Amino acid sequence: MLAREAGDFYWMGRYIERTEQTARLLRHQLTGLVDTPADELALGWRVLYRTLGQSVPDTPEDADEAEAFLIADAYTLAGTLVEDETVPDSMISCWRAARANASQLRPQLPLRVWTCLNRGYLWIRDCDFPGAWKIRPVELVAEGIDRLRLLAGVVDAVMPRDDSWRFLELGRFVERFQHQTSLLDSWDRIGCAPKRQPALTWADLLRVCGAYELYCRRFTMTVHRGEVLDLMIRDPEVPRSLRFALYRIENLLVGIDPLGNRHPLAPPHRVALRLAAVLEADAGGPNSPGPGEGRESGLFERLAQDGQALHDRVMAAYVDYPVEEGLPT
Amino acid sequence: MNASDATSTGGAGNSREVVGTAGSGAFSQYDLDPRFFDEMFRADGVPRTVCRRLGKFLDRVPAEELARVQDSVHRRFIHEGITFTVLGKQEVSEHIIPIDCIPRILTSDEWQHIEDGIGQRLRAVNLFLKDIYNEGRSLRDGVVPADLVLGCPQYRVEMRGVKVPHDVYVAVGGTDIVRTNAGFAVLEDNMRVPSGVSYMLACREATKRALPTLYREHRVREVSTYPERLYSTLVSLSSRAGTPRVAVLTPGRYNSAYYEHAFLAGQMGADLVEGRDLVVHNANLYARTSSGLRRIDVIYRRIDDDFTDPVTFRGDSALGAAGLFHAYRAGNVVLANAPGTGVADDKAVYVFIPDIIRYFLGEEPILANVETHLCRSRDGLAHTLDNLQDLVVKEVGGSGGYGMLVGPQSTAREREEYADRLRADPANFIAQPVLDLSRASCFVEGSLQPRHVDVRPFTLHGRDGQNVVPGGLCRVALQRGNLVVNSSQGGGCKDLWVLRD
Chain R
1 MLAREAGDFY
11 WMGRYIERTE
21 QTARLLRHQL
31 TGLVDTPADE
41 LALGWRVLYR
51 TLGQSVPDTP
61 EDADEAEAFL
71 IADAYTLAGT
81 LVEDETVPDS
91 MISCWRAARA
101 NASQLRPQLP
111 LRVWTCLNRG
121 YLWIRDCDFP
131 GAWKIRPVEL
141 VAEGIDRLRL
151 LAGVVDAVMP
161 RDDSWRFLEL
171 GRFVERFQHQ
181 TSLLDSWDRI
191 GCAPKRQPAL
201 TWADLLRVCG
211 AYELYCRRFT
221 MTVHRGEVLD
231 LMIRDPEVPR
241 SLRFALYRIE
251 NLLVGIDPLG
261 NRHPLAPPHR
271 VALRLAAVLE
281 ADAGGPNSPG
291 PGEGRESGLF
301 ERLAQDGQAL
311 HDRVMAAYVD
321 YPVEEGLPT
Chain P
1 MNASDATSTG
11 GAGNSREVVG
21 TAGSGAFSQY
31 DLDPRFFDEM
41 FRADGVPRTV
51 CRRLGKFLDR
61 VPAEELARVQ
71 DSVHRRFIHE
81 GITFTVLGKQ
91 EVSEHIIPID
101 CIPRILTSDE
111 WQHIEDGIGQ
121 RLRAVNLFLK
131 DIYNEGRSLR
141 DGVVPADLVL
151 GCPQYRVEMR
161 GVKVPHDVYV
171 AVGGTDIVRT
181 NAGFAVLEDN
191 MRVPSGVSYM
201 LACREATKRA
211 LPTLYREHRV
221 REVSTYPERL
231 YSTLVSLSSR
241 AGTPRVAVLT
251 PGRYNSAYYE
261 HAFLAGQMGA
271 DLVEGRDLVV
281 HNANLYARTS
291 SGLRRIDVIY
301 RRIDDDFTDP
311 VTFRGDSALG
321 AAGLFHAYRA
331 GNVVLANAPG
341 TGVADDKAVY
351 VFIPDIIRYF
361 LGEEPILANV
371 ETHLCRSRDG
381 LAHTLDNLQD
391 LVVKEVGGSG
401 GYGMLVGPQS
411 TAREREEYAD
421 RLRADPANFI
431 AQPVLDLSRA
441 SCFVEGSLQP
451 RHVDVRPFTL
461 HGRDGQNVVP
471 GGLCRVALQR
481 GNLVVNSSQG
491 GGCKDLWVLR
501 D
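In the order they appear, the protein sequences are chains R and P. Each residue of the first sequence is one higher than the one before, starting from 1 at the first, in this note's numbering. Each residue of the second sequence is one higher than the one before, starting from 1 at the first, in this note's numbering.
What the hints contain is simulated information worked out from the structure, not anything from laboratory work. Predicted model, so just to flag it, every value in this text is computed and none were measured. Even for Gly, the Cβ is constructed at its ideal location relative to N, Cα and C. Take these hints with a grain of salt, some might be off.
To be verified - To give an idea of the interface, some chain R residues facing chain P are shown, with a C-beta separation under 10 Å as derived from the structure:
no. : residue
1   : L2
2   : Y212
3   : D257
4   : G298
5   : R302
6   : V319
To be verified - Interface residues of chain P toward chain R, partial, derived using beta-carbon atoms under 10 Å:
no. : residue
7   : E94
8   : P98
9   : A247
10  : Y259
11  : H261
12  : Q267
13  : R288
14  : S291
15  : V311
16  : F313
When you get a sec, could you build the whole thing from the sequences and use the hints?
What follows is the structure, encoded as structure tokens:
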């Protein structure tokens with residue numbers, strides 16, 4: 001596959017994943033508008049924007065005013081992340097970017113995948129946002145999620161498991177890894193309102209990540225921070241855990257570039273192995289301090305750095321490599 | 001009743017049963033005009049034999065059902081992103097080419113006439129191009145004025161003496177054919193990078209799905225093999241042993257025909273490359289892949305000569321690959337079409353194509369040219385200036401309907417301004433009479449109405465000869481009375497059904 005196309009598949013995967021991540025967070029936040037106390041909502045917006053690597057737009061400097069703003073302008077804030085085409089991480093921007101990548105991949109992309117992605121984009125492009133915000137804000141975001149899931153299903157059903165699929169999936173899981181790292185870090189740092197029971201806040205995180213039911217089955221209905229973080233960081237069976245994403249990344253890299261074939265321990269593989277080692281080493285043995293006892297913030301910083309390094313190495317190895325490397329002798 | 005039901009109940013065409021007469025029933029809005037050949041009806045308003053079944057179908061199917069069919073075809077284009085791109089001053093926008101769901105029908109004999117004519121034309125053009133870039137015999141013999149050819153902006157001196165694989169300069173040609181009351185004629189040749197074939201295929205797929213029974217009953221000849229034929233043609237030009245690697249070279253996704261580039265690459269299993277994907281090393285062409293560089297043997301280029309290679313042609317081009325022409329001269333890569341083929345579709349050279357056919361093939365042209373006046377001649381210029389209000393004036397290197405004056409539809413001021421341009425550079429213009437383009441039945445504004453059409457068939461020329469798919473891009477001017485069918489000027493398209501014997 002052309003290096004440019006590999007890059008396009010990779011970015012298409014990233015943008016699709018980013019759209020869904022943003023939509024999931026927004027759905028949680030918009031659902032909470034009905035009955036969540038103001039201070040919690042304000043925190044929610046801060047978590048959301050911090051997770052996406054952005055500052056809350058035009059927030060008053062005074063803390064009280066800022067909080068009032070965050071509540072009163074909930075739909076403005078949500079709208080920014082859904083329909084504002086000038087915001088790079090908004091749903092419509094990500095969808096458009098994914099479609100732009102896909103449009104350059106038409107020869108490689110099954111028609112059904114393109115059609116599904118295109119229809120999703122046309123839906124959000126032509127959406128009556130003012131009407132939707134008035135009547136059904138949650139449904140709007142939920143429909144976006146449904147359309148993304150449909151797309152994921154179509155990809156799963158019709159794409160051959162060749163490099164096109166591998167780069168697409170690699171993009172998705174690198175994005176997921178970085179996003180989840182940011183989300184867990186943000187939630188852990190600022191997610192808990194002082195007056196609220198921490199268990200409820202952590203249960204919310206599990207719901208955002210679609211892991212609440214699993215947690216209840218595996219542990220108890222009483223949610224503990226340490227167990228939540230342990231689950232979302234290290235459990236290889238939770239689709240939105242860091243370990244799960246990393247596991248997929250490792251496998252995809254091996255598929256793209258089998259070890260010992262082209263690049264023995266090529267840079268992206270090395271970074272992925274290092275990340276896996278970090279997660280394993282930090283898991284702790286039976287006598288080590290329990291999870292969630294203050295070690296995570298340092299861990300998240302390191303994971304964030306290595307996640308970025310992984311992205312950079314993927315691009316350098318397969319997309320933007322120097323031409324001289326490939327010249328025949 | 002749905003479209004399929006309506007067709008089924010229509011049954012086989014019965015020569016005694018006259019249905020779907022122009023001016024009555026579903027065709028009540030259909031005004032026959034004797035000035036224009038009507039593809040559907042005879043002069044007395046009765047459907048032509050070949051269109052009887054279609055006429056019967058259209059007469060019976062409710063307008064709402066036709067609207068539904070039209071809508072389904074339109075939606076298919078939108079959802080599948082069958083678009084062309086328009087570059088504005090501020091932004092890039094995607095447009096759906098309007099499609100009319102009612103097919104235009106040609107008999108097998110009519111098609112054979114067209115096929116023979118365009119095949120003959122392309123054979124002659126390839127011989128002509130070989131000649132002007134080598135011996136120049138036809139120029140010395142005065143078949144075409146030497147200054148016209150050598151002064152043509154599309155003439156590439158870099159191509160002089162270049163050994164072109166199998167002497168195939170034009171591997172893919174498109175010829176715009178019109179029909180008037182006098183018969184078929186060639187309006188224009190497209191010998192550089194003819195586009196539109198993907199819309200032909202998309203129209204066919206959409207129409208087939210929308211009118212399945214009608215399609216089956218008509219025994220229409222297939223066009224879906226075009227990508228396969230194109231691939232075979234391209235591969236046949238390569239001297240590389242084994243399976244040559246083919247790539248489609250596109251300017252990128254902002255090009256108006258990008259959908260077509262992507263479509264053809266996908267159908268052929270070829271790489272869709274941009275200049276930035278290509279590297280020339282030791283006079284070989286490589287594409288950057290995710291696992292290193294891979295050699296490319298054949299380039300089906302969809303960019304103009306000027307932009308293919310910044311080293312040889314325009315130095316400011318970022319669309320091509322530096323050194324590509326060097327690799328081509330060395331015989332290590334095939335370029336289809338070859339650089340410099342634009343001479344053959346220059347609108348001034350067009351006038352001489354019948355002479356070129358006679359000179360190189362010793363045959364009479366099967367398809368006539370449209371009467372054309374060269375403004376480079378004193379008489380031609382005088383005639384054009386005296387009759388601007390009745391003529392269509394075009395730039396010799398123009399395309400897409402841009403930069404032309406349609407006399408009868410122009411204002412006095414526009415004609416004055418155009419006359420100034422003509423006097424300033426007469427060699428840059430030709431003039432033609434306003435053509436009485438034939439009209440075909442279209443579903444417009446909720447009723448059946450006639451609209452002007454032309455057709456662009458595509459001819460492939462490979463090592464082993466020519467190949468023409470039985471069909472073409474049937475372009476239609478959807479606005480009442482409009483004669484310009486180009487999509488860039490608001491034209492649409494419809495499927496062309498060529499029937500079996």
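Hint check:
At its closest, the beta carbon of L2/R sits 5 Å from a beta carbon of chain P; the interface hint therefore holds under the 10 Å criterion. For Y212/R, the interface hint is violated, since its Cβ never comes within 10 Å of a Cβ in chain P; the closest pair sits about 36 Å apart. Among the interface hints, the one on D257/R holds; its C-beta lies about 7 Å from the nearest C-beta in chain P, closer than the 10 Å criterion. At a threshold of 10 Å, the smallest CB-CB gap from G298/R to chain P is about 35 Å, leaving the interface hint violated.
The criterion of a C-beta within 10 Å of any C-beta in chain P is not met by R302/R, whose closest approach is roughly 29 Å, and the hint is violated. With 10 Å as the threshold, the beta carbon of V319/R comes within range of chain P, its nearest partner Cβ sitting at about 7 Å, so the hint holds. Taken as an interface hint, E94/P checks out: its beta carbon lies about 9 Å from the nearest beta carbon of chain R, inside 10 Å. The criterion of a C-beta within 10 Å of any C-beta in chain R is not met by P98/P, whose closest approach is roughly 18 Å, and the hint is violated.
For A247/P, the shortest C-beta to C-beta distance to chain R is roughly 9 Å, which falls under 10 Å, so the interface hint holds. Below 10 Å, beta-carbon pairs count as interface contacts, and Y259/P has one with chain R at about 7 Å; its hint therefore holds. Contact between H261/P and chain R, as hinted, is supported at the beta carbon level, the nearest pair being about 9 Å apart and thus within 10 Å. Below 10 Å, beta-carbon pairs count as interface contacts, and Q267/P has one with chain R at about 8 Å; its hint therefore holds.
With its C-beta approaching chain R no nearer than about 4 Å, R288/P sits inside the 10 Å limit, and its interface hint holds. The closest approach between the C-beta of S291/P and any C-beta of chain R is roughly 6 Å, which is under the 10 Å cut-off, so the hint is satisfied. Look at V311/P: its Cβ only gets to about 16 Å from chain R, farther than 10 Å, so that hint breaks. Annotation: interface hint on F313/P violated; nearest CB of chain R at approximately 22 Å, more than 10 Å.
Hint check: violations occur at hints 2, 4, 5, 8, 15, 16; the rest are consistent with the structure.
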